[in-house]
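Working from the sequences, and respecting the hints, build out all of it.
Protein sequences appear in the order of chains G and Z.
Count the first sequence with the numbering used here and you get residues 10 to 122, in order.
Count the second sequence with the numbering used here and you get residues 286 to 398, in order.
In short, the hints are calculated from the structure, not lab data.
All residues carry an ideal CB built from backbone N, CA and C; glycine is no exception.
Check each hint, because a few of them may be wrong.
Claimed, not checked - With a cut-off of at most 20 Å between alpha-carbon atoms, the simulated SDA-like pairs for lysine to any residue come out as follows:
#1 Lys393/Z <-> Ala70/G
#2 Lys66/G <-> Ala286/Z
#3 Lys294/Z <-> Asp47/G
#4 Lys307/Z <-> Asn93/G
#5 Lys393/Z <-> Gly116/G
#6 Lys390/Z <-> Leu333/Z
#7 Lys390/Z <-> Glu115/G
#8 Lys358/Z <-> Tyr310/Z
#9 Lys393/Z <-> Gly51/G
#10 Lys307/Z <-> Gly49/G
#11 Lys307/Z <-> Gly51/G
#12 Lys342/Z <-> Asn93/G
#13 Lys18/G <-> Tyr324/Z
#14 Lys390/Z <-> Gly116/G
#15 Lys390/Z <-> Ala70/G
#16 Lys390/Z <-> Pro48/G
#17 Lys294/Z <-> Phe97/G
#18 Lys18/G <-> Gln323/Z
#19 Lys300/Z <-> Lys390/Z
#20 Lys390/Z <-> Arg53/G
#21 Lys80/G <-> Phe97/G
#22 Lys393/Z <-> Pro48/G
#23 Lys390/Z <-> Asn93/G
#24 Lys390/Z <-> Lys80/G
#25 Lys390/Z <-> Phe64/G
#26 Lys393/Z <-> Asp47/G
#27 Lys66/G <-> Arg288/Z
Claimed, not checked - So the derived label-pair ranges between C-beta atoms look like this:
#28 Gln50/G <-> Glu364/Z: 22 to 30 Å
#29 Glu71/G <-> Glu364/Z: 36 to 44 Å
#30 Thr120/G <-> Gly314/Z: 35 to 43 Å
#31 Lys397/Z <-> Lys92/G: 34 to 42 Å
#32 Lys294/Z <-> Ser89/G: 27 to 35 Å
#33 Arg338/Z <-> Ile104/G: 19 to 27 Å
#34 Leu331/Z <-> Ile69/G: 20 to 28 Å
#35 Asn93/G <-> Thr345/Z: 21 to 29 Å
#36 Glu364/Z <-> Thr29/G: 38 to 46 Å
#37 Lys294/Z <-> Lys18/G: 24 to 32 Å
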Amino acid sequence: DGGITQSPKYLFRKEGQNVTLSCEQNLNHDAMYWYRQDPGQGLRLIYYSQIVNDFQKGDIAEGYSVSREKKESFPLTVTSAQKNPTAFYLCASSINRGSGELFFGEGSRLTVL
Amino acid sequence: AQRVTQPEKLLSVFKGAPVELKCNYSYSGSPELFWYVQYSRQRLQLLLRHISRESIKGFTADLNKGETSFHLKKPFAQEEDSAMYYCALSTLNYGGSQGNLIFGKGTKLSVKP
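Okay, structure coming up:
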């Protein structure tokens with residue numbers, strides 16, 4: 010079954026801890042994205058990657074880090090420097106950066122205790 | 286600066302009534318606009334794009350460059366249309382750090398029986 014797989018669906022973290030959210034795709038897409046979804050805020054871009062071993066900051070990259078060592082994988086690390094990490098995180102991919110058709114995962118909800 | 290505005294957080298209509306979800310954009314280049322939809326417990330997915338000029342699930346959207354709008358319309362709403370709708374603008378032509386799509390804050394459509 011092709012698509013985007015995010016894990017875990019729910020994650021709890023203590024303040025001061027880093028946490029990594031997984032995103033895997035088997036669509037053979039070049040571009041991948043991480044968005045943060047907050048109530049009333051819509052989707053805000055954290056990081057994106059156009060190709061393996063390349064990634065760029067989005068609008069709200071502070072306190073986050075990513076890697077793109079494989080085409081299929083684009084993990085997001087929420088570091089302790091992120092001041093308000095409790096949120097719903099969405100991963101997406103597209104065939105290339107020029108495509109406006111994004112395929113989304115089911116999301117990961119992170120709660121900082 | 287490029288921006289997408291969805292003025293209504295919540296829109297409630299009765300089944301069979303016409304529905305219009307508003308979207309206005311601000312962009313200095315040639316816009317490419319999309320509507321995404323998120324049904325309850327489902328992934329965010331592309332509904333339609335202005336370039337295709339297609340009707341999906343009875344919904345249409347026309348790009349009005351003079352009014353910088355891309356409103357989503359359906360003549361007769363159905364209960365299964367209840368969902369969260371996001372308007373999105375592609376800024377690829379503009380470049381910069383904002384990546385592929387800029388999303389509005391979303392409108393929750395509730396269709397009552």
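Hint check:
Proposed proximity of Lys393/Z and Ala70/G is contradicted: the alpha carbons are some 27 Å apart, above 20 Å. With a C-alpha separation of about 18 Å, the suggested pair Lys66/G and Ala286/Z falls inside the 20 Å cut-off, and the hint holds. Of the supplied pair hints, the one linking Lys294/Z and Asp47/G holds, its CA atoms being roughly 13 Å apart against a limit of 20 Å. Pair hint Lys307/Z plus Asn93/G does not hold up; C-alpha atoms about 30 Å apart against a cutoff of 20 Å.
This hinted pair checks out: Lys393/Z and Gly116/G have alpha carbons roughly 19 Å apart, not beyond 20 Å. Proximity of Lys390/Z to Leu333/Z is assessed by CA-CA distance (about 17 Å); at most 20 Å being required, the pair is judged to hold. Under the criterion of a C-alpha separation no larger than 20 Å, the hint pairing Lys390/Z with Glu115/G is consistent with the structure, at around 19 Å. A hinted pair counts as satisfied when its Cα atoms are at most 20 Å apart, and Lys358/Z with Tyr310/Z qualifies at roughly 17 Å.
Distance restraint check for Lys393/Z and Gly51/G: the Cα-Cα separation of roughly 11 Å lies within the 20 Å cut-off, and the hinted pair is therefore satisfied. Under the criterion of a C-alpha separation no larger than 20 Å, the hint pairing Lys307/Z with Gly49/G is consistent with the structure, at around 16 Å. This hinted pair checks out: Lys307/Z and Gly51/G have alpha carbons roughly 15 Å apart, not beyond 20 Å. As the CA atoms of Lys342/Z and Asn93/G are separated by approximately 38 Å, the hinted pair breaks the 20 Å bound.
Pair hint Lys18/G plus Tyr324/Z holds up; C-alpha atoms about 18 Å apart against a cutoff of 20 Å. Pair hint Lys390/Z plus Gly116/G holds up; C-alpha atoms about 17 Å apart against a cutoff of 20 Å. Under the criterion of a C-alpha separation no larger than 20 Å, the hint pairing Lys390/Z with Ala70/G is consistent with the structure, at around 19 Å. For the hint pairing Lys390/Z with Pro48/G, the CA-to-CA distance comes to about 9 Å; that is within 20 Å, so the pair holds.
Using a Cα cut-off of 20 Å, the hinted pair Lys294/Z and Phe97/G holds, with the two alpha carbons roughly 18 Å apart. This hinted pair checks out: Lys18/G and Gln323/Z have alpha carbons roughly 17 Å apart, not beyond 20 Å. A hinted pair counts as satisfied when its Cα atoms are at most 20 Å apart, and Lys300/Z with Lys390/Z does not qualify at roughly 24 Å. A C-alpha spacing of about 9 Å is found between Lys390/Z and Arg53/G, which places the hinted pair at or below 20 Å, so the restraint holds.
Using a Cα cut-off of 20 Å, the hinted pair Lys80/G and Phe97/G is violated, with the two alpha carbons roughly 24 Å apart. Pair hint Lys393/Z plus Pro48/G holds up; C-alpha atoms about 11 Å apart against a cutoff of 20 Å. About 19 Å separates the Cα atoms of Lys390/Z and Asn93/G, which keeps this hinted pair within 20 Å; it holds. Under the criterion of a C-alpha separation no larger than 20 Å, the hint pairing Lys390/Z with Lys80/G is inconsistent with the structure, at around 30 Å.
For the hint pairing Lys390/Z with Phe64/G, the CA-to-CA distance comes to about 25 Å; that exceeds 20 Å, so the pair is violated. For the given pair, Lys393/Z sits about 14 Å from Asp47/G by alpha-carbon distance, which is consistent with the 20 Å threshold. For the suggested pair Lys66/G and Arg288/Z, the alpha carbons sit about 18 Å apart, so the restraint of at most 20 Å is met. A beta carbon spacing of about 27 Å between Gln50/G and Glu364/Z agrees with the range 22 to 30 Å that was offered as a hint.
Roughly 42 Å separates the CB atoms of Glu71/G and Glu364/Z, a value that falls within the hinted 36 to 44 Å. Separated by about 39 Å at the C-beta atoms, Thr120/G and Gly314/Z satisfy the suggested range of 35 to 43 Å. Between Lys397/Z and Lys92/G the CB atoms are about 40 Å apart, so this pair conforms to the stated range of 34 to 42 Å. At roughly 32 Å, the beta carbons of Lys294/Z and Ser89/G sit within the given window of 27 to 35 Å.
Separated by about 21 Å at the C-beta atoms, Arg338/Z and Ile104/G satisfy the suggested range of 19 to 27 Å. For Leu331/Z and Ile69/G, the Cβ-Cβ distance of about 23 Å falls inside the hinted range of 20 to 28 Å, so the restraint holds. Separated by about 38 Å at the C-beta atoms, Asn93/G and Thr345/Z break the suggested range of 21 to 29 Å. A hinted range of 38 to 46 Å for the beta carbons of Glu364/Z and Thr29/G is consistent with their spacing of about 40 Å.
Separated by about 26 Å at the C-beta atoms, Lys294/Z and Lys18/G satisfy the suggested range of 24 to 32 Å.
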